[in-house]
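Assemble the whole structure, with the sequences as input and the hints as a guide.
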Amino acid sequence: MNPMEKRFLDELRTVVGARGLISSPEELHTYECDGLTNFRVMPLAVLLPSDTQQVQAIVRVCHRERIPFVARGSGTGLSGGALPVENGVVISLARMNRILEVDLPNARVVVEPGVINLDVTGRVQPHEYFYAPDPSSQSVCSIGGNVAENSGGAHCLKYGFTTTHVLGLEIVLPDGSLVHLGGKSLDMPGYDLMGVFVGSEGTLGIATKVTLRIVKRPECIRTLLAAFPGTNEAGAAVSDIIAAGMLPAAIEMMDNLAIQAAEAAVHPNYPDCGGLLLVELDGPVAEVEALMRDVDEICRKNGAWEVRLAQTDAERMLVWKGRKAAFAAMGRISPNYIVQDGVIPRTALPQVMSEIARLSEETGLRVANVFHAGDGNLHPLVLYDRRIAGQEQAAESLSYRILELCLAAGGSITGEHGVGEEKKRMMSKMFSEPDLDTMQRVRCAFDPLHLSNPTKVFPTPRLCGEKPGEYVAHPLETAGIAERY
Amino acid sequence: MLKTSSFEENLRAVAPENLRAATAGDAVCGVLPQFVAEPNDEQQLAAALSLANEAGIAVIPRGGATKLDWGNPPKKADLILSTARLNRIVEHAWADLTVTVEAGCTLKSLQKTLAQHGQRLAFDGLWPERATIGGVLATNDSGALRLRFGALRDLIIGVTIALPDGTLASSGGKVVKNVAGYDLPKLVTGAFGTLGVITRAVFRLHPLPRAAKTFSFTAENFPAMQQHILAIQDSQLAHTALQIRCASGELPAADILFEATDAGLAAQESQLRKLLGSARVEQTSETIWNARQDLWNSPTKTTLLAKISLLPTDIARTLNSLKALGDSRKINWRIVVQATGIGMLRLEGEPASLSLATEQLRTELQSRGGTLAVLRRPPELVSIDAWGNAGDGVSLMHAVKHQLDPKNTLNAGRFVGGI
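Going down the list, the protein sequences come from chains A and B.
Heads up, the first sequence is in my numbering, so the first residue is 1 and it goes up one at a time.
Heads up, the second sequence is in my numbering, so the first residue is 1001 and it goes up one at a time.
Keep in mind that the hints are not guaranteed to be accurate.
[Stated by the list, open to error] Straight-line C-alpha distance at most 30 angstroms; calculated BS3-like pairs for lysine-lysine:
(1) B/Lys1075 - B/Lys1301
(2) B/Lys1274 - B/Lys1108
(3) A/Lys321 - A/Lys158
(4) B/Lys1213 - B/Lys1301
(5) B/Lys1301 - B/Lys1330
(6) A/Lys216 - A/Lys158
(7) B/Lys1076 - B/Lys1274
(8) A/Lys158 - B/Lys1112
(9) A/Lys216 - A/Lys321
(10) A/Lys158 - B/Lys1108
(11) B/Lys1407 - B/Lys1076
(12) A/Lys158 - A/Lys301
(13) B/Lys1274 - A/Lys216
(14) B/Lys1274 - A/Lys158
(15) B/Lys1213 - A/Lys216
(16) A/Lys158 - B/Lys1213
(17) A/Lys301 - A/Lys321
(18) B/Lys1323 - B/Lys1301
[Unchecked claim] Covered stretches of chain A (in silico footprint by chain B; criterion: 3 or more residues with CB under 8 angstroms from a CB of chain B, positions within the stretch not fixed):
(19) 171-183
(20) 284-293
[Unchecked claim] Under 8 angstroms between C-beta atoms, here's a sample of chain A residues computed to sit facing chain B:
(21) Leu48
(22) Met188
(23) Gly195
(24) Ser239
(25) Val343
(26) Gly415
(27) Glu416
(28) Val419
Because the hints were derived from the structure by calculation, they are not lab data.
Model, not experiment: these values are computed from the prediction.
In this text, a Cβ means the ideal position worked out from N, Cα and C, and glycines have one as well.
This is how it looks when you write it as structure tokens:
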């Protein structure tokens, strides 16, 4: 460590105390990656503030010293959004984990960013409320991370994404100042900067307080499993359900390889079939029962050879357990795997599926498929063995080719995992130069010095409004991250 | 000094047939512009905007002009940039429940096309025959369906905007679920055309309901009405909309909309009756959902209209304040508040009283985390700030404005904090 770094860390230690600063290489290893483990960078230090003032103080020091910082929640992100930046610090919000206010009559909850997603529901469940966004990692991921990534989950088909459920934010801007966007009431005057911040992947500042909307638990929830010969038949059933004017709470699909993995891991007792559909309806009993009969009929008409309605809450939980464990379950059938996250218009499913099968055959790599079928969000899991020379690279390349298929079908490179480090080079395939430049102009308003998670999301950072005068290389230029244009 | 003559020549070169001199009917809050341009497509619109920006010409984007007087009067208005000819429905991907539509398409014409496939944009805006997609987005109009389907910010999934420097930029996409890049559709929704001109938008759609029923009920007083509203919101009823109507000297009334299957509707009705106990619940016509728009009928020189936002638990308190203000300042009032906490308020009275009452109500709402935005006011009250306090985020808003419209070409002075 050089003397400047030492001085910098000493100053930060006075802010967060000895227990709030990690700088020993052994301990720093925990933070060198997030859920995307094939990218690793060792941070200079990790800071664990316990309140907003500490976050502000840390960011002010970083701003003065031009040290980049990366905010981190639970580190479960799958696109490398919380990957540290070289010579930068990580600011972990894990200790800011208090639920500050529960306002049931107005259906609002105010939390700190380190609160775990499922704990919000846990707190309001006795009153028959829940927090709707439910990423598969909801038992460990944090609300702050959800805000950064605009996390989705199986039930966002009906209930919307994190951005639908965030009503207010307290944010520490990259210069250390504090702003409040949105609030407990709707439509606060001014630009919807809260809407811009949610999903900005930590590049616009750090959320230190989040006002959430909670939802009343529906009168009943019914979950149906239908076994089809293949994903095309299951996909056709999904289209018919939507065309019949229904908006299920969730429609999930798994292919045979995904079913095998889930079965091996958590034994959800899924039928062994080529395409499994899981349809959940919720709402008033009379309504749900009437519509469930239609769903049953639509599934059978499209070739389902087994249709099963979960009879008890325990059965329903088991059905979901299999689905939510699907990613991790791949470990049962393959030493390594890449989780991909693409979106297609639902109607393109058969064509994209057959292309994925063709690519899989061509590369000799197995691909398991788990989808949020209602909204066209695919999670292809590319299976490989790192010990076999060249396979990891081939798997990465296959996963990018799948994203290109999604784009060619009019879709997106990410539905809920974010761009992060992993997909920033795909951004210029999805957006034109002026599109990306416009987004970066907005970024310049929040973070003109590019200190907040500077290397993520955009393929080439844009420099912000340099003042005329003698040319001085921007720190990003000297680091080889940015170029002038 | 405006370089209007060379600007006019240049603009004619871009869109020769679509430029005319402005007339009295084109005035914006009493400010008369010089020209009206109606570009044929988004490229032409972007080119015209860029020419104006270079020449220092102040631009007012305009759709159906139904809400053009919302916000503060413009500091300058030289050119009306109309989206009237950008009115195509580009693609209704009905099987994917999405639509791509140009900004100048009217809400009614869009809904008519979507209905052919049993779908709708789940949004009930004001004056749908004339209001355009660009206009409802820019003004963040918000109706009764918001309770169930969210605001326009929750329905828009992609946008293309023309920036003052002539850039045409898109963000979002054509799929419902998409987190690639910043969510600029949300940034321009409710930005009152101060950052760029919306040229097209992509929306997620919803199926038209199989059947629908509206019921109404009244309450003896404000606290009783609030109790009913909170009880409904805390119940497991799956209502689509819920609004409270009230006016000077009247008992508060409420309307609730159910959209479901026939079996579902019957069950909901009986649950509603049970929940409301002794209150008389009557089925009513769906025209009651025009109550918000009816507040705008025949405004006079003593009419002020405002949008308010409050927490559902503050409904009774706010109605009490209105009653007290009405009595003490001789103001007639009428209000429609959705269960989301968004309301539309009409006040009638002497301008001086209106001004004081508005300020007092705004202060009170703001003290409880709410807001009041003046949408329409008597000419004497032109100096009232339309927006009120925008909080500590206002410098950041200025910074965003500066990045996208550094020369302050678009709707100068109309938005919060002098933007």
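Hints, verified against the model:
1. B/Lys1075 - B/Lys1301: Roughly 23 angstroms between the alpha carbons, so the hint for B/Lys1075 and B/Lys1301 holds.
2. B/Lys1274 - B/Lys1108: 37 angstroms, violated
3. A/Lys321 - A/Lys158: 20 angstroms, holds
4. B/Lys1213 - B/Lys1301: 38 angstroms, violated
5. B/Lys1301 - B/Lys1330: The hint holds at about 16 angstroms.
6. A/Lys216 - A/Lys158: Cα-Cα ~14 angstroms, so holds.
7. B/Lys1076 - B/Lys1274: Outside the cut-off at roughly 57 angstroms; violated.
8. A/Lys158 - B/Lys1112: OK: A/Lys158 and B/Lys1112 at ~24 angstroms, within 30 angstroms.
9. A/Lys216 - A/Lys321: The given pair, whose Cα atoms are some 23 angstroms apart, holds under the 30 angstroms limit.
10. A/Lys158 - B/Lys1108: 25 angstroms, holds
11. B/Lys1407 - B/Lys1076: 12 angstroms, holds
12. A/Lys158 - A/Lys301: The hint holds at about 24 angstroms.
13. B/Lys1274 - A/Lys216: 19 angstroms, holds
14. B/Lys1274 - A/Lys158: Distance ~27 angstroms between B/Lys1274 and A/Lys158 Cα, so the pair holds.
15. B/Lys1213 - A/Lys216: Judged against 30 angstroms, a Cα distance of about 22 angstroms means the pair holds.
16. A/Lys158 - B/Lys1213: 22 angstroms, holds
17. A/Lys301 - A/Lys321: 28 angstroms, holds
18. B/Lys1323 - B/Lys1301: It holds: about 22 angstroms lies between the C-alpha atoms, which stays within 30 angstroms.
19. 171-183: holds (count 6)
20. 284-293: Since 7 is at least three, the answer is holds.
21. Leu48: It is violated, given that the least Cβ distance between A/Leu48 and chain B is near 26 angstroms, above 8 angstroms.
22. Met188: 6 angstroms, holds
23. Gly195: 3 angstroms, holds
24. Ser239: With a closest approach of 6 angstroms, the A/Ser239 hint holds.
25. Val343: OK, holds: A/Val343 within 8 angstroms of chain B, min 5 angstroms.
26. Gly415: Holds, about 4 angstroms.
27. Glu416: Because about 6 angstroms separates A/Glu416 from the closest Cβ in chain B, which is inside the 8 angstroms limit, the hint holds.
28. Val419: Nearest chain B Cβ about 6 angstroms off; hint holds.
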